[in-house]
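S.K.: The residues making up each chain are set out below.
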Amino acid sequence: MLRPTFKEGQILGAADLNAQVEYERKGSVFHERTEHLWGVAQGLTLDTTQQKTTDPTKPPTKYVDVTLAPGRAVDRLGRSILVTEGIPLDPDMFTQQIASPTDGVLYPVFVQAIEVARTGETQPGKCSVSLETRVEESLQIAFGSPGEEITVLDQAAVPVSEGFGTPALSDKVLVGWVKFNTTIKKFDSVATESSTTRIRYVGVVASDVVAGGGVLTLHTRPEGARFAVAITENSLTGKCTLEFGKQDGNGPVVPVLTVDEKGNIEYKGTLTPAPLSKTLAESGVISDGIKVPLPPEVDEDKVNQGTIRLHAHLTPIPQAPKNVLIGGALILAYPLVTRCVVDIAGDRVVHCQVRWYDPANPTTKFVDLPGLCSYTVFATGK
Amino acid sequence: MPSALYGISFTDTGNLLAVCSFEKQTLTKKEDADALLKKLIGDKLQIAIGDVGVLEISATRVAADLIDAKQDFERVVSNVYGYRLKLGGNDKPGDGNDKVVEPAKSNFVTNIKFNGSPATEVQVDLKEQEGPFGKDAFLVFEGLDPIKGKTTPNAKDAKFPLDPTLVLKSGEFYRMLFIKDDVPVSAAFLKAP
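Each protein sequence line maps, in turn, to chains A and B.
Going by our numbering, the first residue of the first sequence is number 1, and it counts up by one from there.
Going by our numbering, the first residue of the second sequence is number 383, and it counts up by one from there.
In short, the hints are calculated from the structure, not lab data.
Careful, some of the hints might be misleading.
[To be verified] Quick list of in silico lysine-lysine cross-link-like pairs, DSSO-like style, CA-CA up to 30 Å: (1) A:Lys365 - B:Lys487; (2) B:Lys420 - B:Lys452; (3) A:Lys365 - B:Lys452; (4) B:Lys530 - B:Lys517; (5) A:Lys322 - B:Lys532; (6) A:Lys322 - B:Lys452.
[What the hints assert, rightly or not] Just some of the chain A residues that point at chain B, by a computed CB distance under 8 Å: (7) Glu85; (8) Lys291; (9) His313; (10) Ile317; (11) Pro321.
In this text, all values refer to a predicted model and were calculated from it rather than measured experimentally.
Idealized CB from N, CA, C, for every residue including glycine.
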């Protein structure tokens, strides 16, 4: 790219000045085409004013006057399309461009950059000549056939290798849709989306977006009631949150989803599908006084923190009568299980006791001794 | 991984005091066995004798081992106190090596009683004489470290003098466990004279 330079005493020709202008224009359009995505940047809404027909011979029919609001867009060539004052949409122009409109159908409305040569102003002491020394970067409004907007929206930016690029009829920016009343030949209504197609807004091409002050926010609209995703870092506490939720104006985001710096997630809605909790099990036999083993892969810390819940089931192992020391003396005794419990949320120690009693004196001659049981323990959680 | 049976034994004799089965774990050294023991019993093994309260044995006096008891699983489970680790060569309880078990049935306890009033010793009567030389035996008495004693030569008993500083309350019950390598472990809950 050539950048003009000027020397003292140099006589400047038109080419020198045009080269300077071209240099600036190329810088601008290349920036728009390489660092941004083309589309509507601001405004350019189709505003309506409700009206009624006033023909006394017919019943009144509602219609709308449509005005393209001021705003700015950038097309795929990187050209700026600027509207500084509202522009009324002309129903006659619509019927000129759409030969046979149909009631109730959405017709896309585009703005298109055009260049209009203008005569420069005369200067004192110069001959009054009509030279076209200005180019007005103007626009025109175009109506399209239903569905035409799809091919327009799919266009990629013109590559840098093509310089300014060659403008084509398809180089336009969608600003909305209108419905037309063919009976009264007026606009019936406007829309900002058609089926799944929506207005394309400008974007940013970036692999890294950095906030200067520790708060990074994405908004769905420039202002008003909108949704936001905000990453907020607290430099004093070292904590950080990622929030998604509604925001009214510049008020605080009312989060429905929050992730903190430790990965803890809070949400107001429901998870679909719901996360499946893992279930692990262990089973076997166990003596009184032994701690119930945790299933493999189960972290003791997670159990203690309550992230994993345990469920246990114990069944005493039957015993046959045998000789047992009761009161110090060996007696043929019968077993009776008196205890078989575990505090699975506590110390997890099995308490299994068997009362060995003399069948001749069951209430006076007995001794309680450790027993054995079979166990099953389930661990559920994440 | 398949399930395996683990035994907790008295380190001095290898007698089983408790068992637990769960998914097989790889124990290759003493540290592995110690870690497993800590998971299973913490700092002490609690043995519930009597209606309320337990007899406690410090974790330093017991050990955990994987027991290869496929043939004897049911017998071991139904009579834990009747088995001991079969220790050969340099095997020690809790050394991390897999063990096999064998019945401890050379003799058995017929009676346990206090001698003296107030009691000064615990006498454990055996079915048979243990021979002309005293053999090692242990009494785990409530509130005390395991007492090491010997069988009485040419007699059918083993006597364990109690620490003179220990004052037994007459009429109260005390828990105890007699342990000898070739005799089933015997628990008693005796009223002090």
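S.K.: Now tell me, hint by hint, if it's right for this structure.
M.R.: Against the structure, the hints come out as follows:
A distance of roughly 26 Å separates the Cα atoms of Lys365 of chain A and Lys487 of chain B; the hinted pair therefore holds under the 30 Å criterion. Distance check on the hinted pair: Lys420 of chain B and Lys452 of chain B sit about 25 Å apart at the alpha-carbon level, within 30 Å; holds. As the CA atoms of Lys365 of chain A and Lys452 of chain B are separated by approximately 36 Å, the hinted pair breaks the 30 Å bound. A C-alpha spacing of about 10 Å is found between Lys530 of chain B and Lys517 of chain B, which places the hinted pair at or below 30 Å, so the restraint holds.
Distance check on the hinted pair: Lys322 of chain A and Lys532 of chain B sit about 27 Å apart at the alpha-carbon level, within 30 Å; holds. For the suggested pair Lys322 of chain A and Lys452 of chain B, the alpha carbons sit about 24 Å apart, so the restraint of at most 30 Å is met. Taking 8 Å as the C-beta contact cut-off toward chain B, the hint placing Glu85 of chain A at the interface is violated, the least distance being around 80 Å. For Lys291 of chain A, the suggested interface contact is upheld, since its CB lies about 5 Å from the closest CB of chain B, less than 8 Å.
A least Cβ separation of about 15 Å between His313 of chain A and chain B goes past the 8 Å threshold, and the interface hint is therefore violated. The interface hint given for Ile317 of chain A holds, since its Cβ lies 6 Å from the closest Cβ of chain B, which is under the 8 Å cut-off. About 12 Å separates the beta-carbon of Pro321 of chain A from the nearest beta-carbon of chain B, more than 8 Å, and the hint is not met.
Hints 3, 7, 9, 11 from the list above are not met by this structure, while the remaining hints are.
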